[in-house]
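Asks: Whole structure, please, built from the sequences with the hints as guidance.
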Amino acid sequence: MNDKPERLIDKKGLRLDGRKLDELRPVKLQVGVISRADGSAYIEHGKNKILVGVYGPREVHPKHLALPDRTVLKCRYHMAPFSVQERKSPAPSRREIELSKVIRESLEPAIFMEYYPRTMIDVFVEVLQADGGTRCASITAAALALADSGIPMRDLVVACAAGKLDDTIVLDLMDTEDKMGSADVPVALMPNLNAVTLLQMDGTLSTDEFESAVNLALEGCRQIYALQKEALRTKYVNVKEENKEEAEE
Amino acid sequence: MPILLERRQLVTPGDLIAEGEYIAGENTYMENNKIYASRVGIVEYETKKVDVVALKSFYVPRMGDIIIGTITEVGFSGWTADINSPYPALLRASDVLSRPFRPQKDDLPQVLDIGDLVVAKIVSYDRTHDPQLTVAEPGLGKITRGQIVKVTPTKIPRVIGRKGSMISMIKQETGCNIILGVNGVVLITGKTLEDEQLAMRAILKIEEESHTSGLTDRITKMLKEEKSRKEEKKNE
Amino acid sequence: MAAVITRVKKKQIEQLIAKGKRLDGRGLTDYRETKIEQGIIERAEGSAKVLLGRTEVVVGTKIEMGEPFPDTPDAGVLTVNAELVPLASPRFEPGPPDENSIELARIVDRGIRESKAIDLEKLCIAPGKKVFVVFVDVYVLNHDGNLIDASALAAMAALLNTKMAKYEVEDGEVKIKPGYEPLPIKKRPITVTCAKIGDKLVVDPWLEEEQVMDARISMAFDDDGNICAIQKGGSGYFEPKQVFEAARIAKEKVEEMRKQLNW
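Chains as they are written, first to last, in the numbering used here: chain A, 506 to 754; chain B, 516 to 751; chain C, 940 to 1202.
Keep in mind the hints are simulated off the structure, nothing from the lab.
The beta carbon of each residue, even a glycine, is placed where N, CA and C say it ideally should be.
If a hint is listed, it holds; no wrong ones were tucked in.
If you anchor each label on the Cβ, the simulated ranges turn out as follows:
| id | chain 1 | residue 1 | chain 2 | residue 2 | range |
| --- | --- | --- | --- | --- | --- |
| 1 | A | 581 | B | 675 | 34 to 44 Å |
| 2 | A | 540 | C | 1038 | 24 to 34 Å |
| 3 | C | 1005 | A | 552 | 28 to 38 Å |
| 4 | A | 727 | B | 706 | 54 to 64 Å |
| 5 | A | 581 | C | 947 | 28 to 38 Å |
| 6 | A | 617 | B | 597 | 22 to 32 Å |
| 7 | B | 684 | A | 735 | 28 to 38 Å |
Replies: This is the structure in structure tokens:
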């Protein structure tokens, strides 16, 4: 990028992409998109395009990694080489390894790990296009993929980030805003249990600003949660509608 | 203290279904006297028990279940089978041979080889061991012909229908013999490949639309239409 | 020694903590005894050893010359690496860094980087071409819990101990002059980790508490009391109000430690 914008928020209180301070980027969710996987989901969040496939519970390989009293949850967050501005090498980077861990830890509290001892559940996240907030979008889609696979869960998990631009706390940073802003706070939530399962922060915030950012991110989470439920509902309701039409003909 | 949702309402994991003196049934869990859904499905309840009829689940073995499995490995003294479950199942040679196994004389692949289908019963299973199968009962054993189709195990009751009405109708219309494994594996044996495939389509359609009403009529209609199409083609 | 914690011990720890006490006699927000030694590795440009209870971490810094990142041509480079060496715990295996050591390195890195502890602009030799690269290598020597706080403390102490050769640029060539000057440090971030056990928060969990905890949250604060990095870890969760309480506790502890360390 050659020109760096001077202000991230203009005089009318709008951001570079025209959004208000507390406005989410558009989110589209689809469930059951990979026929071979046990469960799957696709998310478009702003320009992020992420696909998640879930396999399991299934036999553990290698066998010695099996746990006698619970399932093993594995998560792989991976970015396609063409997903970012400068081609990214397909080999897992340190960032991807860390994100794989925190994403796994954000999903695990929602799964009844003790139900299926000596099995494993694989969550594969492929980022096809990235524009800031990929870990949050990945978690939102991964939870749907897990629900789609029929793995019993305590709750869905939904994630969203808030941050600081110029001197204001805003919701849902895109890539430019993240790079140029002064703080980024991604949060994942189990909405019905009001439980935070992922929380990270980088940048500089006073403790008050931090509190505002977290609360704003939680608001964003709840908005996206409604879309998650819709996506699950849509998969099953469409069939009902089609049949109603057929019957009326 | 209420049940908060109506019957047949679609729920997702974490949805609060009931509060108070209720029993958490299938695909639900209880915390702090509240009952939540643990799978995507439809709420059902009778008096005190709240269930969610899951739209998708997978088979977890239970003692006594009749299942259909595929042999995946020939071992030293038995076989391993895929029973459409997170757990592989074991079938001992002595069980199949109905006598002690003689390693020098018995050639296991001759009896059952990789890819063979068996109808079997779960004789033992617990959290620390993989399920064990038996075929030493009438009606069980190696399957020699037919097609298999896999459906989500929770849909098997729908495929059966009330008092077997759905499955009898399919058998009648397609002329096929159909064995329904509790593990969601269905064996269809018919006179022609076409008949078998028609029955398969019917079963898959039931799986997809199981939560809707008027399904029996629609399936009957579909099968009859197919049959008359076949008749027309024959007459051309 | 068994790697699995016994149920009896687990219950013991949980019950004590519910009453506001810990097995080793500490209060819920007390750190274990902390010792810091600087300059223990002469070959390194800077070094420090931290003993946090029985957790032992050594950090060495090395300074080399290299190329700047394309989007910050005038700034030096910081790179943090962590090794959980096999001798430090029966659970550590030899091999390339696993997710735990990568996460540890990145948490320590964030605390230093986001607080702008090092004045990276003073490390520019020739803009766009040559800068100083500061390597911070975290070496965990004994794992008895809370590697994060011990490593972050050791890393900062090592940076404060780091000396660079004096130099001048003549005709585009870097010439080393005699003498040393300290690495330019602007801030001294401090990280505090809280673990959630039952519905209580405990500061500086030791190994067995880590085996029992639901989740942990680590927060780094800069000299002005601002938060500059946060990482939740573990497969459990926090309620939002617990997150804010952890921030309050962490901020207090950081202020205490600044006075003690004179940072």
